[in-house]
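Protein sequence lines, in the order shown, are assigned to chains A and B.
Quick note on our numbering: the first sequence kicks off at 1 and runs consecutively.
Quick note on our numbering: the second sequence kicks off at 1 and runs consecutively.
Source of the hints: derived by calculation from the structure; they are not laboratory data.
Any given hint could turn out to be false.
Pulled a few chain A residues facing chain B out of the computed Cβ check, cut under 8 Å [stated by the list, open to error]:
(1) Trp400
(2) Val404
(3) Asp549
(4) Tyr551
(5) Ala558
Which bits of chain B does chain A cover? Going by a derived footprint, with three or more residues having C-beta under 8 Å, they are [what the hints assert, rightly or not]:
(6) 56-65
(7) 139-151
(8) 158-167
(9) 213-220
Output of the computed footprint for chain B on chain A, the stretches with three or more beta carbons under 8 Å from beta carbons of chain B [unchecked claim]:
(10) 294-306
(11) 382-392
These numbers were taken from a predicted model, which means no experiment stands behind them.
All residues carry an ideal CB built from backbone N, CA and C; glycine is no exception.
Take a look at the letters that make up each chain.
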Amino acid sequence: MAQTTKTPTAAPPGDLPPTRRNFVDLVMAARWGLVGGATATFVSAVGMVPDFDGVMLVDPILTLGYLVLFLVPFGFGYVAARPPMTLQGQEPARVGPRNVLAGAVAGLVTGLVLIIPVLVAANLNLRSVFVNLSPAMVETLTFGQTVADSEGLVIPAVGLALLIAGCLVAGALGGAVNVVSTRWRQAILAGLLWVLTVGLLEDLVMQFFRGINLDALVGVFFAPGGGLKPLGTIIVFVLVFSLRLLFARRPPRIKARYQALDQAERRRWVIIGIAISAVIVYLIPVVLGGFMSEILDLVGIYLLMALGLNIVIGFAGLLDLGYVAFFAVGAYMTAVLTSSGSPALSPELTFWAALPFVVLAAAVSGLLVGTPVLRMRGDYLAIVTLGFGEIARILFLSDWLNPVFGGAQGITQIPSPSIGSLELNTPPQFFYPIIVLVFVAAYITWALANSRIGRAWNAIREDEPIAEALGVNIVTAKLSAFVVGAALASFAGALFASKVGAVFPNSFSIVVSIVVLVIIIVGGMGNIAGVAVGALVIVGLPQLLREFDEYRFLLYGALLIFMMLAKPEGILPSRRRVAELHQEEMGQDAWLTAEPEVELDQARATPATAKD
Amino acid sequence: MVAEQGTPKRLHFDFVGAVLWLVRILAILAVVIGAFVSLTSGRLSAAAWLNFVVIGIGQGAIYALIALGYTMVYGVLGFINFAHGEVFMSGAMVGAFAANSLAQAGMWNSSPILSILIVLLIAMATSTLVALLLERVAYRRLRNAPRLIPLITSIGASFFIQYAFLGLFGAQTRTYPALSILDGFISVAGLNIRYADIMVIGAAVVMMVGLYTFVERTKAGRALRAVAEDKEIAALMGVNVNRTIVLTFAVGGAMAGAAALLFGVVFRTVFFFSGFLFGIKAFTAAVLGGIGNIVGAMLGGLTLGIFESVGPSLVLTGLGIPSAHQLKDVVAFLALVLVLIFKPTGLLGERLSEERA
Chain A
1 MAQTTKTPTA APPGDLPPTR RNFVDLVMAA RWGLVGGATA TFVSAVGMVP
51 DFDGVMLVDP ILTLGYLVLF LVPFGFGYVA ARPPMTLQGQ EPARVGPRNV
101 LAGAVAGLVT GLVLIIPVLV AANLNLRSVF VNLSPAMVET LTFGQTVADS
151 EGLVIPAVGL ALLIAGCLVA GALGGAVNVV STRWRQAILA GLLWVLTVGL
201 LEDLVMQFFR GINLDALVGV FFAPGGGLKP LGTIIVFVLV FSLRLLFARR
251 PPRIKARYQA LDQAERRRWV IIGIAISAVI VYLIPVVLGG FMSEILDLVG
301 IYLLMALGLN IVIGFAGLLD LGYVAFFAVG AYMTAVLTSS GSPALSPELT
351 FWAALPFVVL AAAVSGLLVG TPVLRMRGDY LAIVTLGFGE IARILFLSDW
401 LNPVFGGAQG ITQIPSPSIG SLELNTPPQF FYPIIVLVFV AAYITWALAN
451 SRIGRAWNAI REDEPIAEAL GVNIVTAKLS AFVVGAALAS FAGALFASKV
501 GAVFPNSFSI VVSIVVLVII IVGGMGNIAG VAVGALVIVG LPQLLREFDE
551 YRFLLYGALL IFMMLAKPEG ILPSRRRVAE LHQEEMGQDA WLTAEPEVEL
601 DQARATPATA KD
Chain B
1 MVAEQGTPKR LHFDFVGAVL WLVRILAILA VVIGAFVSLT SGRLSAAAWL
51 NFVVIGIGQG AIYALIALGY TMVYGVLGFI NFAHGEVFMS GAMVGAFAAN
101 SLAQAGMWNS SPILSILIVL LIAMATSTLV ALLLERVAYR RLRNAPRLIP
151 LITSIGASFF IQYAFLGLFG AQTRTYPALS ILDGFISVAG LNIRYADIMV
201 IGAAVVMMVG LYTFVERTKA GRALRAVAED KEIAALMGVN VNRTIVLTFA
251 VGGAMAGAAA LLFGVVFRTV FFFSGFLFGI KAFTAAVLGG IGNIVGAMLG
301 GLTLGIFESV GPSLVLTGLG IPSAHQLKDV VAFLALVLVL IFKPTGLLGE
351 RLSEERA
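Could you put together the complete structure from these sequences and hints?
This is the structure we're talking about:
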């Protein structure tokens, strides 16, 4: 408020200086560059860059390895060149060449830091400790410009210069992102993202073209050695870019139009929608073929579990880390009831006849786990359920229960489910029971969310003591969340057992719980569509990209941290979640928008009187 | 949160209460019957049982050192730092490399005490560094977030650190070189106590006494207690809250590093997943002693170690369960569940500020 000198031209609201200097700090940018250098070194030393170098994205130019490497200076260049936050009533900071410069500085520092691992790996053999500081890494980082063995220090100068230049350019590009206006930026980023997606999901796209009998397109887009052709890249980019620019301002109004319809019309459209989706669902495995269906089956099984865990965590707010136990119970019950090779008792029921018993067993185990933990604090509950999950695995593995569950040998010879005389034993056929159960689970989720018990869950998640005071029966609400969650997980377990044809205790490790947790957190807790997207991304992607597999959990961990820091409500959040997690900000916004005029008038009035 | 309000006096039938009582009675029955059968069968001599206890104390001392990190962070920030097991593992892993290079240089057996001290410093430095990085990158921005958010973040961090170590150092098990001065044992009244156990227990006691003095007697320790009690008031009293939180992580990390060296010298193998189970058990120890309570963490660690070492042979074998040693981890987890059912505030009671309890 010390600012009293006013420029005669239109005074901005809030009496702040009308124009602001470009505040981007170059020293700060260099520090971001140091962090970027550490990150890039880590990414290289962990083995990602050389390992991903084999995956071609855009045929001769870009491999996944270089993409990962240069994403680091790009990202840090963007962050380093971000203009300062604009407060209410303030004019946005000017952007310009200085932002690009800041990005370039960050990129340059990143590149300079990368000299260290290259020189170390080129001159010392540390592979007994750092397994990935290998010649392959040096070769990738220096673009294959390695120098021949010589006496003394090996300095691949040309390669290093290229590397630093690359980082500089990537950083400058990242900085430039800040300069472009939002509309163009979104269009460009959408175009790039689609190029990357098509390049990465090459197999999927090719299979899709073949499935719809357009084999000719494969040759247009993809190079024989893998990756997009330059022509294909340009087509994809221009297509997405222009579509995005054209349609940026016209969001689809399907929902509003649907709500404008009357009852009978609505019903007709719903039936039409269901019919269309049924046809699409029927066609999916036919078009995608065996390999893709296999992946989709796995995604579906995880999606079932995620929908169940979504009820337990997303709706009722009970952080259950031992969710895999119910999956295991479902799988083992199916194995015992249907397999002819079950050691102790084998009634050899069919899959469908066994399913009710499986669900019942899971529900009972949900009660067993749920009751003792009912009164625990949220974080204790997490650890105790984690313990239960491990207990379940160890018990299935132990000699003690060996006579019933087969110990480490597990139970084999589990029959596939059949409809009539048709046995569903290929991946495309198996897709149908999975998708049916997924729809059942999604319907259950949707119905429960809008029911009395759903509202009770919301209430106890937001504030348990108040919910109790308002007459919500905590015991019933929490136990029913556990039971429903367990039942959905047991569906997944049953499908998993009959799909694989065998169950082994080691399929049910804690990692499964964590993957399901990552799915619902990344997708968006409390939202069915979000969970589905989460399952596709988290389970589907690593299956498509075998190279990713080794770094799956590293990326999951990073993703969990990132999501919690940046977007705890997930990529497709439910509206209620956003409201809960950003309560404070929303409160501030409401306060600001409630009486802006008074605030600003006072602000204008004060400078004249305020002396300090 | 309901548990802290005291047992509600209700007249109607309390389903959960009834189940919990049933669990309590069953647990007591199982322990009593199992122990009775085992002890009367005369399968093991009294000295053998005592040996189990000593081994348990050695293991428990390591749990206790790790538990300190959990309990201090929980006391100050109110969330479970799930990745603390990985902080421990990182110290053990880097310590293994240091120990091996010392062994190659011939120092490991020629001057064992000095080499152990060097490796101790390296392990402590590594663990502290990892803990501080965690705090800076993952937790600092979440100080005022809803409670489960930092917990989920720490789960992510735990997996990230594990698989980062897998990527950096490979999947193979790293071994510590054998330390000849720790071979052998002394016999006291028919008890064979291994030198290794003596060293672990002694070192742990020294660390814990040091930590206790630090927290209770120094100015920084007083600041730490003040921040644990109430961050805002502490800030008003002139305590640098941010620095104190960083200090909490640093001290917790250093203790985990010390535990890592002891673990390495006694168990001698470490791989990227070692920290996970050990971490959960150490957390169990912290809860057992009363979370937020530093003396409780020490006591809880020792108790859990003894439970784990004696429990399978005493109770499970007594109940007729074959190869009970496989179920060691089950005993640890059941101990956690039972503690939380019987006495959720732990043996010595929780020390948390009002708002959190």
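Going through the hints against the structure:
| no. | hint | verdict |
| --- | --- | --- |
| 1 | Trp400 | holds (5 Å) |
| 2 | Val404 | violated (13 Å) |
| 3 | Asp549 | violated (12 Å) |
| 4 | Tyr551 | holds (7 Å) |
| 5 | Ala558 | holds (5 Å) |
| 6 | 56-65 | violated (count 0) |
| 7 | 139-151 | holds (count 9) |
| 8 | 158-167 | holds (count 9) |
| 9 | 213-220 | violated (count 0) |
| 10 | 294-306 | violated (count 0) |
| 11 | 382-392 | holds (count 8) |
Of the hints listed earlier, those the structure fails to meet are numbers 2, 3, 6, 9, 10, in rising order.
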